[in-house]
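Enquirer: One-letter residues, chain by chain:
Number of protein chains: 2
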Amino acid sequence: MSIACALCDAPGGRVVLQAPHWRIVHAQEAGFPAFYRLVWQQHVREFSQLAPADRAECMETLVVMEQAMLRHLQPEKVNLAALGNAVPHLHWHVIGRYTWDSHFPGAVWAQPQRSEDPARLQALEARLPAFEQELLGALPQRP
Amino acid sequence: MSIACALCDAPGGRVVLQAPHWRIVHAQEAGFPAFYRLVWQQHVREFSQLAPADRAECMETLVVMEQAMLRHLQPEKVNLAALGNAVPHLHWHVIGRYTWDSHFPGAVWAQPQRSEDPARLQALEARLPAFEQELLGALPQRP
Numbered sequence: 001m002s003i004a005c006a007l008c009d010a011p012g013g014r015v016v017l018q019a020p021h022w023r024i025v026h027a028q029e030a031g032f033p034a035f036y037r038l039v040w041q042q043h044v045r046e047f048s049q050l051a052p053a054d055r056a057e058c059m060e061t062l063v064v065m066e067q068a069m070l071r072h073l074q075p076e077k078v079n080l081a082a083l084g085n086a087v088p089h090l091h092w093h094v095i096g097r098y099t100w101d102s103h104f105p106g107a108v109w110a111q112p113q114r115s116e117d118p119a120r121l122q123a124l125e126a127r128l129p130a131f132e133q134e135l136l137g138a139l140p141q142r143p
Numbered sequence: 001m002s003i004a005c006a007l008c009d010a011p012g013g014r015v016v017l018q019a020p021h022w023r024i025v026h027a028q029e030a031g032f033p034a035f036y037r038l039v040w041q042q043h044v045r046e047f048s049q050l051a052p053a054d055r056a057e058c059m060e061t062l063v064v065m066e067q068a069m070l071r072h073l074q075p076e077k078v079n080l081a082a083l084g085n086a087v088p089h090l091h092w093h094v095i096g097r098y099t100w101d102s103h104f105p106g107a108v109w110a111q112p113q114r115s116e117d118p119a120r121l122q123a124l125e126a127r128l129p130a131f132e133q134e135l136l137g138a139l140p141q142r143p
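For the record, the sequence lines run as chains A and B. If you read the first sequence in the UniProt record's numbering, its first letter stands for residue 1, the second for the next number, and so on. If you read the second sequence in the UniProt record's numbering, its first letter stands for residue 1, the second for the next number, and so on.
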């Protein structure tokens, strides 16, 4: 008997990279081009339920993502979050935030504070391939 | 010349524990009794800007907080988040969430989904001292 889980049954976004223990997906959330997720492959509910070596691997992968994001996408701030209330399968949101984005300085889950800026969103989207290319070069991949 | 920072100038909540590198505070956010913060003592903007040993210490402290919360407060889900858009001084939100809370399964920063439940909030508040006592026993403290 299996319980349906959105992150066991589907990638949860456009797959950028598959590693043995986790995958990185582009979240494709409208208004936030620099929104990625690090999804643990195995169904685990809470971060602290990972074995210590797995926690360290997860955290260091988040750090690689954040540092590459800071270099390539120059966000005002990076947001890291493992919530999982709706989908209790361990996944980290890694979101580059900008003073001009629709919700800044609120959380992306809060009410918008201004309209989207199509020109800036498009310019940011154009820089995602270089960011993703760095991730592909820096991180292990599933054979 | 110093730039004012809300987490350099004030604790950011009721202090539960001060360690050399970080402090744990109770966030005292209405409607969310199980809302704590792990605040890095030094002014650092992004998690990835910590030295590797400091990142590991920070992460393992989050794990102690999460595991103690699961044991003592039995949340439906723990939410971990380092946002810092408004106050870009590294701090992690550690929030125990419940199916009956005003925002579940939404983020605490989203719109409420139902009214607060005073009886359940009060019952949860009564269990915080045992949780905090475990943290004091499990974690290092500044002399």
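Note that these hints are calculated values from the structure, not bench results. You may find that some hints are simply not true.
The calculated label-pair distances, taken between Cβ atoms and stated as ranges, are [claimed, not checked]:
| no. | chain 1 | residue 1 | chain 2 | residue 2 | range |
| --- | --- | --- | --- | --- | --- |
| 1 | A | ARG45 | B | GLY31 | 37 to 47 angstroms |
| 2 | B | GLN122 | A | ALA119 | 42 to 52 angstroms |
| 3 | B | ALA138 | A | ARG45 | 30 to 40 angstroms |
| 4 | A | PRO52 | B | ALA19 | 36 to 46 angstroms |
| 5 | B | PRO11 | A | SER115 | 29 to 39 angstroms |
| 6 | B | ALA126 | A | ARG45 | 37 to 47 angstroms |
| 7 | A | ALA119 | B | SER115 | 19 to 29 angstroms |
| 8 | B | CYS5 | A | ALA6 | 13 to 23 angstroms |
| 9 | B | GLU60 | A | GLN67 | 12 to 22 angstroms |
| 10 | A | GLY31 | B | ALA6 | 38 to 48 angstroms |
Okay, derived cross-link-like pairs now, SDA-like style, lysine to any residue, Cα gap no bigger than 20 angstroms in a straight line [to be verified]:
| no. | chain 1 | residue 1 | chain 2 | residue 2 |
| --- | --- | --- | --- | --- |
| 11 | A | LYS77 | B | LYS77 |
| 12 | B | LYS77 | A | GLN49 |
| 13 | A | LYS77 | A | PHE35 |
Here the structure is a predicted model, which means the values were calculated and not measured. C-beta atoms are modelled at their ideal positions from N, C-alpha and C, and glycine is treated no differently.
Enquirer: With reference to the structure, classify each hint as holding or not holding.
Expert: Tested hints:
no., hint, in the structure
1, A:ARG45 - B:GLY31: 37 to 47 angstroms, "violated, 23 angstroms"
2, B:GLN122 - A:ALA119: 42 to 52 angstroms, "holds, 51 angstroms"
3, B:ALA138 - A:ARG45: 30 to 40 angstroms, "violated, 21 angstroms"
4, A:PRO52 - B:ALA19: 36 to 46 angstroms, "violated, 20 angstroms"
5, B:PRO11 - A:SER115: 29 to 39 angstroms, "holds, 37 angstroms"
6, B:ALA126 - A:ARG45: 37 to 47 angstroms, "violated, 26 angstroms"
7, A:ALA119 - B:SER115: 19 to 29 angstroms, "violated, 42 angstroms"
8, B:CYS5 - A:ALA6: 13 to 23 angstroms, "violated, 38 angstroms"
9, B:GLU60 - A:GLN67: 12 to 22 angstroms, "holds, 21 angstroms"
10, A:GLY31 - B:ALA6: 38 to 48 angstroms, "violated, 27 angstroms"
11, A:LYS77 - B:LYS77, "violated, 26 angstroms"
12, B:LYS77 - A:GLN49, "holds, 12 angstroms"
13, A:LYS77 - A:PHE35, "holds, 12 angstroms"
In summary, the structure is inconsistent with hints 1, 3, 4, 6, 7, 8, 10 and 11 from the numbered list given earlier, while agreeing with the others.
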